[in-house]
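In order, the protein sequences belong to chains A and B. Here this note's numbering is used: position 105 in the first sequence is 105, and no number is missing along the way. Here this note's numbering is used: position 90 in the second sequence is 90, and no number is missing along the way.
Restraint ranges, calculated between C-beta atoms of paired labels, are given here:
#, chain 1, residue 1, chain 2, residue 2, range
1, A, 54, B, 26, 55 to 63 Å
2, A, 315, B, 283, 33 to 41 Å
3, A, 257, B, 194, 37 to 45 Å
4, A, 125, B, 244, 17 to 25 Å
Just some of the chain B residues that point at chain A, by a computed CB distance under 10 Å:
#, residue
5, 82
6, 205
7, 253
8, 257
9, 258
It is worth saying that the hints were derived from the structure and are not from the lab. Idealized CB from N, CA, C, for every residue including glycine.
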Amino acid sequence: MRSYLEFEKPWADLQGKVQELKAISETGDAAAIGDEIGRLEAKAAHLLSEIYSKLTPWQRTQVARHQDRPHFLDYTKALIDEFTPLAGDRKFAEDAAIMAGLGRFRGRPVAVVGHEKGSDTESRIRHNFGSARPEGYRKATRLMEMADRFDLPVIALVDTAGAYPGIDAEERGQAEAIARSTETSLGLGVPNVAVIIGEGGSGGAIAIAAANRVYMLQHAIYSVSSPEAASSILWHDASHAQEAATNMKITSDDLLRLKVVDAIIEEPVGGAHREPEAVIRATGDTIDAALRELDGASREDIRRMRREKFLAIGRTL
Amino acid sequence: MSWFNKIVPPGIRFGDRKKRDTPENLWVKIPETGEMVFHRDLVTNDFVVPGSGFHMRMTAAHRLRHFFDGGVWDNVALPDVPPDPLRFRDERRYTDRVRDARAKTGLEDSVAVGTGTVEELPMVAAVQDFDFMGGTLGMAAGEAVIKGLQTACHLRRPFVMFTASGGARMQEGILSLMQMPRTTIAVQQLREAGLPYIVVLTHPTFGGVTASYAMLGDIHIAEPGALIGFTGPRVIENTIREKLPEGFQRAEYLRDHGMVDLVVHRHQLRPTIARICRILMKVEAPAAAAPVPALADLSQETAPPESLPIAAE
Numbered sequence: 001m002r003s004y005l006e007f008e009k010p011w012a013d014l015q016g017k018v019q020e021l022k023a024i025s026e027t028g029d030a031a032a033i034g035d036e037i038g039r040l041e042a043k044a045a046h047l048l049s050e051i052y053s054k055l056t057p058w059q060r061t062q063v064a065r066h067q068d069r070p071h072f073l074d075y076t077k078a079l080i081d082e083f084t085p086l087a088g089d090r091k092f093a094e095d096a097a098i099m100a101g102l103g104r105f106r107g108r109p110v111a112v113v114g115h116e117k118g119s120d121t122e123s124r125i126r127h128n129f130g131s132a133r134p135e136g137y138r139k140a141t142r143l144m145e146m147a148d149r150f151d152l153p154v155i156a157l158v159d160t161a162g163a164y165p166g167i168d169a170e171e172r173g174q175a176e177a178i179a180r181s182t183e184t185s186l187g188l189g190v191p192n193v194a195v196i197i198g199e200g201g202s203g204g205a206i207a208i209a210a211a212n213r214v215y216m217l218q219h220a221i222y223s224v225s226s227p228e229a230a231s232s233i234l235w236h237d238a239s240h241a242q243e244a245a246t247n248m249k250i251t252s253d254d255l256l257r258l259k260v261v262d263a264i265i266e267e268p269v270g271g272a273h274r275e276p277e278a279v280i281r282a283t284g285d286t287i288d289a290a291l292r293e294l295d296g297a298s299r300e301d302i303r304r305m306r307r308e309k310f311l312a313i314g315r316t317l
Numbered sequence: 001m002s003w004f005n006k007i008v009p010p011g012i013r014f015g016d017r018k019k020r021d022t023p024e025n026l027w028v029k030i031p032e033t034g035e036m037v038f039h040r041d042l043v044t045n046d047f048v049v050p051g052s053g054f055h056m057r058m059t060a061a062h063r064l065r066h067f068f069d070g071g072v073w074d075n076v077a078l079p080d081v082p083p084d085p086l087r088f089r090d091e092r093r094y095t096d097r098v099r100d101a102r103a104k105t106g107l108e109d110s111v112a113v114g115t116g117t118v119e120e121l122p123m124v125a126a127v128q129d130f131d132f133m134g135g136t137l138g139m140a141a142g143e144a145v146i147k148g149l150q151t152a153c154h155l156r157r158p159f160v161m162f163t164a165s166g167g168a169r170m171q172e173g174i175l176s177l178m179q180m181p182r183t184t185i186a187v188q189q190l191r192e193a194g195l196p197y198i199v200v201l202t203h204p205t206f207g208g209v210t211a212s213y214a215m216l217g218d219i220h221i222a223e224p225g226a227l228i229g230f231t232g233p234r235v236i237e238n239t240i241r242e243k244l245p246e247g248f249q250r251a252e253y254l255r256d257h258g259m260v261d262l263v264v265h266r267h268q269l270r271p272t273i274a275r276i277c278r279i280l281m282k283v284e285a286p287a288a289a290a291p292v293p294a295l296a297d298l299s300q301e302t303a304p305p306e307s308l309p310i311a312a313e
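Work out the full structure: start from the sequences and follow the hints.
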C-alpha cells in the first residue's frame with residue numbers, strides 16, 4: 001500500500017476511481033469501462049505531473065522525507081558490487097545512522113559513506129532515523145582516511161535531518177566529530193563525490209558533503225537547519241516551518257543558482273520513490289561521469305580544486 | 001577606515017582611567033548571579049565579576065584591548081560580502097536586523113580581526129562578538145575568520161580565535177552552512193604553514209561554529225563556566241524530555257570529557273597563550289615574562305600580571 005502526501009490527494013482520488021472501475025470491469029462491461037479507465041489514468045498522470053511541476057519548498061521537504069524514498073542501502077544494493085559495510089569508529093561504538101563500506105562501483109574500487117534512515121520501524125530505530133552520533137562521524141572519518149591511503153575515491157550519500165541532539169552525543173563531542181569529518185573530507189587526496197539524496201540537514205550533512213563534486217536530487221532539500229528548527233529559532237515556535245522552508249532557499253533549483261551544488265539529478269514525475277531504479281541509475285551515471293572527469297588528477301590537484309571550489313562559494317553570487 | 005581606528009588609533013594606550021565615559025557611580029546587576037557590581041570595577045577587572053569570578057561576555061573591542069600588549073592592536077581590513085543574498089525575512093527583514101546590529105555594536109559584522117603582540121610575541125587574533133546577532137556565522141563572519149587565518153599564514157604568526165556564537169546565521173541559509181567547510185580550509189592552510197592555532201572558547205559557543213573551526217585548534221582553551229556544545233541545551237531538553245545533568249556543556253565538563261585542553265581564568269589567558277605559542281614557535285621566553293602558575297591554578301582568580309593593560313572606557 002502506497003502512502004500519499006497531502007498535496008497529492010486530488011491525484012490519489014483519481015487513482016482510487018481507477019481502481020474502483022478496474023474492480024467493476026472484471027464483472028461488467030469490460031470494453032466500455034476500459035475506455036473510461038484509460039481516460040482517467042491519462043488524466044491522473046497529467047494531474048500528477050502538474051502537481052509536481054510546481055511544488056512549494058515545503059511540499060518538496062515532504063517528498064524529500066517520503067518514507068518510500070530510496071535510501072542509502074537501496075543505492076548501495078543497486079550501484080555497489082561486493083558492497084562490504086564496515087562497522088565502528090575504533091574508539092567507542094558502532095553507529096548505524098551512518099553506513100560506511102568498501103565495494104566496486106562500475107568496476108572501480110571505492111569507499112562509500114552515507115546516512116541511512118531505515119525503511120521500516122525496526123530498521124528506522126536501528127539506524128536512528130539517519131541522525132548520527134559522534135561515532136557515526138568518526139566511522140566516516142576512519143573510512144575516508146583508509147580510502148585516502150588505498151587511493152580509493154569516496155562516494156558520499158547524504159540523507160539526514162541533522163546530527164542527533166542528545167546528552168550522550170554532546171558528552172562524546174558531537175561538534176568535534178563533525179568538524180573532524182568535514183576536515184578529513186576536505187583533506188582527501190582522492191576524489192570524493194557527494195549526492196544529497198533526501199535531506200541534507202545542517203552540520204550533520206556537511207560533515208560528509210565537502211566534496212569535489214556535490215549533486216542533489218531534484219526533490220531533495222539541503223539546508224543550514226531543518227525548517228522546523230529554523231522556525232523555532234527565528235519565530236520562537238515551530239509553526240512557521242513552511243515559511244522557513246520557503247525563505248531559507250533549500251530546493252535544488254535554489255542551491256544550483258547559489259552555486260552550492262554542481263548539478264541536479266532529475267527525478268521522475270511524482271518523486272524518486274515512484275521509480276527508484278531510474279533515479280538510482282541516473283545517480284550512478286552522474287557519479288560515474290564525475291569520477292571520470294577527476295581521473296588522472298594528482299592528489300595535490302584534487303585537494304586544490306576542492307578548496308578553490310568551496311572558497312569560491314558566495315564570492316560570485 | 002574602520003570604527004576601531006577612528007576611536008582607537010594605533011599607539012594609544014588604554015591605561016588612562018580618566019577617559020572612561022561611564023559614570024563612576026553606575027551599578028550593574030549581573031543577571032546570571034544576581035550580584036550588584038560597580039561598572040568601573042567590572043571594566044578594570046576585564047568583565048570578571050570580582051566577587052563570584054563569573055566571566056561576563058566581552059565585546060570584540062574589549063577583548064582585543066584586553067588581549068594585546070598595552071591594549072594596542074591594528075585592525076585587519078575584512079572583505080565585503082553580498083548583503084542579504086537570500087532576501088530573507090522572518091518577523092523582520094534581515095537587512096533591518098543587520099542595520100540594528102551594526103548600530104548597536106559599531107561592528108560591520110560579528111567577527112573582528114586584529115594584529116598585535118602578546119608578551120612581545122606577534123600574533124593575529126579574531127574575536128566573535130555575541131552582541132552582533134548572537135555572534136552568528138554568516139558569510140561576513142566566515143570571510144573574517146578566513147582572513148584572520150590567512151593573515152596569520154602571511155605574517156607567520158600564531159592565530160588565536162575567541163569564539164562566541166549561537167551557531168549558523170539562519171537568515172543566510174545554506175551560505176551560512178558553507179562557512180563550515182570554508183573556514184576549515186583556512187585552518188588547514190594555517191596548519192600546513194606550521195603555525196599554532198589556539199581556540200579560546202568563550203560563553204556561549206554552539207552549532208556550526210563549534211562543529212567547524214572552534215574544534216579544530218591545536219590547543220583548546222575555555223573560559224570558566226562557558227557553555228559550549230553542538231546542540232543548545234533547550235533543544236536537547238525538548239528533544240529527549242529529560243533534565244540535563246549538572247554542569248552539562250560547561251567548560252569544565254568539556255575538559256573532563258576530553259574536548260578542551262585547559263580551562264583558564266581570563267586573567268591568565270594572556271600569559272598562558274603566550275607561553276604555549278612561544279613553545280610551539282620555539283621562541284625564548286622574554287626576561288619579563290609572567291611567572292608560571294601551577295597548572296591547577298590556571299582556572300582560578302589571580303592578581304592580574306603587571307603587563308596586563310587596565311582597560312578603562
